[in-house]
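Asks: Using the hints provided, position chain D relative to the given structure of chain B.
The primary structure of each chain is shown beneath.
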Amino acid sequence: MKFLDRFFERSSRHVASTTSRRNFLSKLGSLMVVGTAMPVLLPIDRTAKALAAESPSAGDPGDPNSCDYWRYCSVDGFLCSCCGGSVTSCPPGTEVSQVTWIGTCRNPADGLDYIISYNDCCGKHSCGQCACTRNDSEEPMYRPFNNNDINWCLGAKANVYNCTVAVIRGVATG
Amino acid sequence: MPLSKFAAGLLALGSALIPPSLYAALPTETVGQAELPFPPSPHRSYLIDFEFDNMVATRVVVVDPDRQKVLGMLSTGGAAPAVLAHDQKTVYTADIFFSRYVRGTRTDVLTAWDTRTLSPSWEVEIPAKRASTLTEKYALSMSGDDRFVYVYNFTPSQTITVVDTQARKVASEVNINGCILAYPIGDRRFASLCGSGDLQVTTLDDNGKVSDRTTSKFFDPEQEKLVERAIHLGDTFYFVTTEGVIHGVDFSGAKPRILPTWSLTTEQEKKDGWAPGGWQLMAIAPRLNRLYVLMHPDHERHKWEDPSTIIWAFDLKTHKKVGTLEAPNLIWSLNATNDDAPLLLGTNIEGGLETFDLKTGKHLHTMEGVSKTPTLILNH
Numbered sequence: 001m002k003f004l005d006r007f008f009e010r011s012s013r014h015v016a017s018t019t020s021r022r023n024f025l026s027k028l029g030s031l032m033v034v035g036t037a038m039p040v041l042l043p044i045d046r047t048a049k050a051l052a053a054e055s056p057s058a059g060d061p062g063d064p065n066s067c068d069y070w071r072y073c074s075v076d077g078f079l080c081s082c083c084g085g086s087v088t089s090c091p092p093g094t095e096v097s098q099v100t101w102i103g104t105c106r107n108p109a110d111g112l113d114y115i116i117s118y119n120d121c122c123g124k125h126s127c128g129q130c131a132c133t134r135n136d137s138e139e140p141m142y143r144p145f146n147n148n149d150i151n152w153c154l155g156a157k158a159n160v161y162n163c164t165v166a167v168i169r170g171v172a173t174g
Numbered sequence: 001m002p003l004s005k006f007a008a009g010l011l012a013l014g015s016a017l018i019p020p021s022l023y024a025a026l027p028t029e030t031v032g033q034a035e036l037p038f039p040p041s042p043h044r045s046y047l048i049d050f051e052f053d054n055m056v057a058t059r060v061v062v063v064d065p066d067r068q069k070v071l072g073m074l075s076t077g078g079a080a081p082a083v084l085a086h087d088q089k090t091v092y093t094a095d096i097f098f099s100r101y102v103r104g105t106r107t108d109v110l111t112a113w114d115t116r117t118l119s120p121s122w123e124v125e126i127p128a129k130r131a132s133t134l135t136e137k138y139a140l141s142m143s144g145d146d147r148f149v150y151v152y153n154f155t156p157s158q159t160i161t162v163v164d165t166q167a168r169k170v171a172s173e174v175n176i177n178g179c180i181l182a183y184p185i186g187d188r189r190f191a192s193l194c195g196s197g198d199l200q201v202t203t204l205d206d207n208g209k210v211s212d213r214t215t216s217k218f219f220d221p222e223q224e225k226l227v228e229r230a231i232h233l234g235d236t237f238y239f240v241t242t243e244g245v246i247h248g249v250d251f252s253g254a255k256p257r258i259l260p261t262w263s264l265t266t267e268q269e270k271k272d273g274w275a276p277g278g279w280q281l282m283a284i285a286p287r288l289n290r291l292y293v294l295m296h297p298d299h300e301r302h303k304w305e306d307p308s309t310i311i312w313a314f315d316l317k318t319h320k321k322v323g324t325l326e327a328p329n330l331i332w333s334l335n336a337t338n339d340d341a342p343l344l345l346g347t348n349i350e351g352g353l354e355t356f357d358l359k360t361g362k363h364l365h366t367m368e369g370v371s372k373t374p375t376l377i378l379n380h
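Heads up: the sequence lines are chains B and D, in that order. The numbers in this note's numbering rise by one with no breaks, and the one at position 2 of the first sequence is 2. The numbers in this note's numbering rise by one with no breaks, and the one at position 294 of the second sequence is 294.
The following block holds chain B by itself, in its conformation from the complex:
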């Protein structure tokens, strides 16, 4: 939801005290593709094994608990790092969805575009912490793999959405 992008960003960056609005902003942990990257459906969950920075470093700058963190550029939902998980791990007792979205985010440290998968963590209801929506492009639902209004806990045992992680899958080429 685009209004969530704008409103959440305003609320997170400028008017963080507007909690009632923030409550409205928590949404489906659906993910989308930014820019011109092709949507990719990942049939295999690799999130738990993914290697990524869990704390800021010179090469991976920013706060994983902040919506402003570079690799959240296409996230849309609650940040798992605020929900008992981390930027790459689901919170205890939740299940990684087998199906996910891919986005492309530019790392300000090295200027490279990275392919990020935004797996949803499922099986517990809405985390409710750190709602974050920063999508800059979205297609209508007739292009579902470019649409962020869909709950992508499709690949989990229970399609109940809890939060979203952001995992580096590689450097985008071309």
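If you're looking for bench data, these hints aren't it; they were derived computationally from the structure. Treat the hints with caution; some may be incorrect.
[As the list claims (entries may be wrong)] Pair by pair, the computed Cβ-Cβ distance ranges are:
#: 1; chain 1: D; residue 1: Lys169; chain 2: B; residue 2: Ser57; range: 58 to 64 Å
#: 2; chain 1: B; residue 1: Pro92; chain 2: D; residue 2: Gly253; range: 44 to 50 Å
#: 3; chain 1: B; residue 1: Asn65; chain 2: D; residue 2: Thr155; range: 29 to 35 Å
[As the list claims (entries may be wrong)] Short derived list, chain B residues pointing at chain D, Cβ under 8 Å:
#: 4; residue: Gly123
#: 5; residue: Ala158
#: 6; residue: Arg169
Quick reminder that beta carbons are idealized off the backbone N, C-alpha and C, glycines included.
Replies: What follows is chain D alone, placed relative to chain B:
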């Protein structure tokens, strides 16, 4: 002292101790059970509440916007979409339940609620495939004669479950792969909007099975983005692009008739940045033959789902802009009532309900906090 005098004395003493009251003691009471009148008021509104902070235990809030009064609610499962039967007696919801709240066995049901008692009249189990999305108006729809309910499924394979409300069972599951939703047409057809830019029209027989299917070119998805959240008047559906061009299609004939496109904005307005935005961003008041569209003045590509306080009104015959309405709060979804004295209703982003009198164009009031995260409004 005679007994009666003694009793009178006691009574006098007692009376002196109890403060005198102008009123007789209240009678004892019994617990009642409210019911809603039938037929429902044409302004009765059903707010589909997505409840983002939960999304498992969700609701439909029933309100009387004239009296600004909550009439009751339906408890739904998994952010269920809802649709009102044309006979006004039933509201259907397509619920998802898990046997252990958020885990266990998933059961999807179509629930038929009595609009008088707001209780379930019956239910039927449907394939556990119902789409889980932000609530879409045409993700749950029904045939013009109320015989069949169409449930949009996304697994991500795309199908429509057809439920026979007479037999109270699933009649069929129709493959619409590559296309979404069920825009209902007449008694036995529904259209789906395809990623290719086509419209696929499915015709059912009286058993709810597919009897015919046609595909027609509708728009070019490489050139423009058509918001799937259309609005219809009879068998004519109006879609809008993210830039504000209306694409109408008349399904009343054997084949869809694509109507000439027209723009919500003049060249100058477009230059000034006016474009539509919102969730259910369009509404039609049939008796006024007017279209209402949420508009914002600072259009950018990513704002097509942004809420707005500004609503433009258009005459559907002339396509001329005939007015502007303004709400005190940001509205995300609209609906208009179908009667001669129509209201325009809008859910604001704080969960409140904005009400406009469409005869005067005046904003009447805001029912604050009547829901949490409403996504759609339905009216009889």
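Asks: Indicate, hint by hint, whether the structure satisfies it.
Replies: Outcome of the hint check:
1. D/Lys169 / B/Ser57: 58 to 64 Å: The hinted range 58 to 64 Å holds for D/Lys169 and B/Ser57, with Cβ atoms some 59 Å apart.
2. B/Pro92 / D/Gly253: 44 to 50 Å: At roughly 58 Å between Cβ atoms, D/Gly253 and B/Pro92 fall outside 44 to 50 Å, so the hint is violated.
3. B/Asn65 / D/Thr155: 29 to 35 Å: This hint holds: roughly 33 Å between Cβ atoms.
4. Gly123: holds (6 Å)
5. Ala158: At 5 Å from the nearest chain D Cβ, B/Ala158 passes the 8 Å test, so the hint holds.
6. Arg169: violated (20 Å)
Violated hints, in rising order: 2 and 6; the structure is consistent with all others.
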